[in-house]
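As you go down the protein sequences, you meet chains A and B in turn. Heads up: the first sequence begins at 65 in the working numbering, then just goes up one per residue. Heads up: the second sequence begins at 4 in the working numbering, then just goes up one per residue.
No lab work stands behind these hints: they were computed from the structure. Take these hints with a grain of salt, some might be off.
[What the hints assert, rightly or not] Computed cross-link-like contacts, DSS-like style, restricted to lysine-lysine with a CA-CA straight-line distance of at most 27 angstroms:
id	chain 1	residue 1	chain 2	residue 2
1	A	K73	A	K144
2	A	K88	A	K146
3	A	K114	A	K73
4	A	K161	A	K126
5	A	K88	A	K144
6	B	K34	A	K146
7	A	K161	B	K34
8	A	K161	A	K187
9	B	K34	A	K187
10	A	K114	A	K146
11	A	K126	B	K39
12	A	K73	A	K88
[Stated by the list, open to error] Label pairs and their computed distance ranges (CB to CB):
id	chain 1	residue 1	chain 2	residue 2	range
13	B	D23	A	S119	27 to 35 angstroms
14	B	E10	A	V122	21 to 29 angstroms
15	A	E208	B	E48	48 to 56 angstroms
Even for Gly, the Cβ is constructed at its ideal location relative to N, Cα and C.
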Amino acid sequence: MATFDKLIKAPIPGENLTQDPKGKPWHRPPQHTNFDDALEYLIDEVIPEKDFLPSVIVLVEKNLPLTSVVTTFLVGQTAKAKFSLDLSLMLAGPVYKMMTRILDEFGVSYLTGFESSEEFKAKVTGEDLGTPKPKKLTAAQEREIQAIAEEVAAEIPEGGLMGAPVDEAPVDIPMDEETEGEGLVPQPNEEETA
Amino acid sequence: MKDNMFEAFRTAIYNYVYVDDLSPRVGMRVKDMHSKNYYDMDRVENLVSTPSEEPMMEEDDGDI
Chain A
65 MATFDKLIKA PIPGENLTQD PKGKPWHRPP QHTNFDDALE YLIDEVIPEK DFLPSVIVLV
125 EKNLPLTSVV TTFLVGQTAK AKFSLDLSLM LAGPVYKMMT RILDEFGVSY LTGFESSEEF
185 KAKVTGEDLG TPKPKKLTAA QEREIQAIAE EVAAEIPEGG LMGAPVDEAP VDIPMDEETE
245 GEGLVPQPNE EETA
Chain B
4 MKDNMFEAFR TAIYNYVYVD DLSPRVGMRV KDMHSKNYYD MDRVENLVST PSEEPMMEED
64 DGDI
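Here chain B stands alone, though its shape is the one from the complex:
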């Protein structure tokens, strides 16, 4: 197994992106680490809002 900075970055990214696929103990550790910050996993997920995810506003015809 490689033990260098680049592998550490790759592991850190994998643990964050695929946190649900990790073992419960490791996944809980990753979630706890990020939940202590203001920008936790949920807030980071909603940082980049895409037009396809924005709710469609219904047009009111307006009854006269």
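One chain only, chain A, in its complex shape:
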């Protein structure tokens, strides 16, 4: 009988076309057009409401991501013509930041909305991921790594201009007798300057 009552109270198809489109709040100009005014409205009037924070805490404790909660909240405010959807996109970040700080202060664990699938699964199932254990190499992998290291060490050339330095005696570069004893920059003779 309850289903039949709902069917009777359901709207007639096409009934929405007979209503005044300007009757809905979201068809009217928004109340706040400035970012600062909109944020002050949220901080002073909406967030301090007695049902707001308990509702948010209940939702995040049921593993609803905080990004979804903030999105739904701001879209709801947009539907009430408090501010436009573009302004709500700008407000999303600050509102999310404030909510994270409030929830951290209450000690409520929540899903941020940016977790990986493994972290999400661990949070939902209550499993502790812990620190990842280092993977052990098999004997074949260790032998391969050792062989590669030996090949790299064997290929390093020694000696010559491009090779690794080798302990050798310094090479004497022959110089002319006239310029012997002078550096690369010729110095003027004292007899010439005098």
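With the hints as your guide, set chain B onto chain A.
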């Protein structure tokens, strides 16, 4: 990649919260956008003050 309102909200929140992890150009754009308002990033950060962050007042014994 999803292109809808919910993904736009998620991206906006991510860009605000993890602004330091973004590329320099994108991060600068986000910071500039919010710095034009009275409630910029620093002021929003200090909006919710927690008791653990409040400075501990030293008690004066008072010398008589």
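Hint check results:
no.: 1; hint: K73/A <-> K144/A; result: holds (25 angstroms)
no.: 2; hint: K88/A <-> K146/A; result: holds (13 angstroms)
no.: 3; hint: K114/A <-> K73/A; result: violated (33 angstroms)
no.: 4; hint: K161/A <-> K126/A; result: holds (20 angstroms)
no.: 5; hint: K88/A <-> K144/A; result: holds (9 angstroms)
no.: 6; hint: K34/B <-> K146/A; result: holds (25 angstroms)
no.: 7; hint: K161/A <-> K34/B; result: holds (15 angstroms)
no.: 8; hint: K161/A <-> K187/A; result: holds (21 angstroms)
no.: 9; hint: K34/B <-> K187/A; result: violated (32 angstroms)
no.: 10; hint: K114/A <-> K146/A; result: holds (19 angstroms)
no.: 11; hint: K126/A <-> K39/B; result: violated (37 angstroms)
no.: 12; hint: K73/A <-> K88/A; result: holds (20 angstroms)
no.: 13; hint: D23/B <-> S119/A: 27 to 35 angstroms; result: holds (31 angstroms)
no.: 14; hint: E10/B <-> V122/A: 21 to 29 angstroms; result: holds (25 angstroms)
no.: 15; hint: E208/A <-> E48/B: 48 to 56 angstroms; result: holds (51 angstroms)
Of the numbered hints listed earlier, those contradicted by the structure are 3, 9 and 11.
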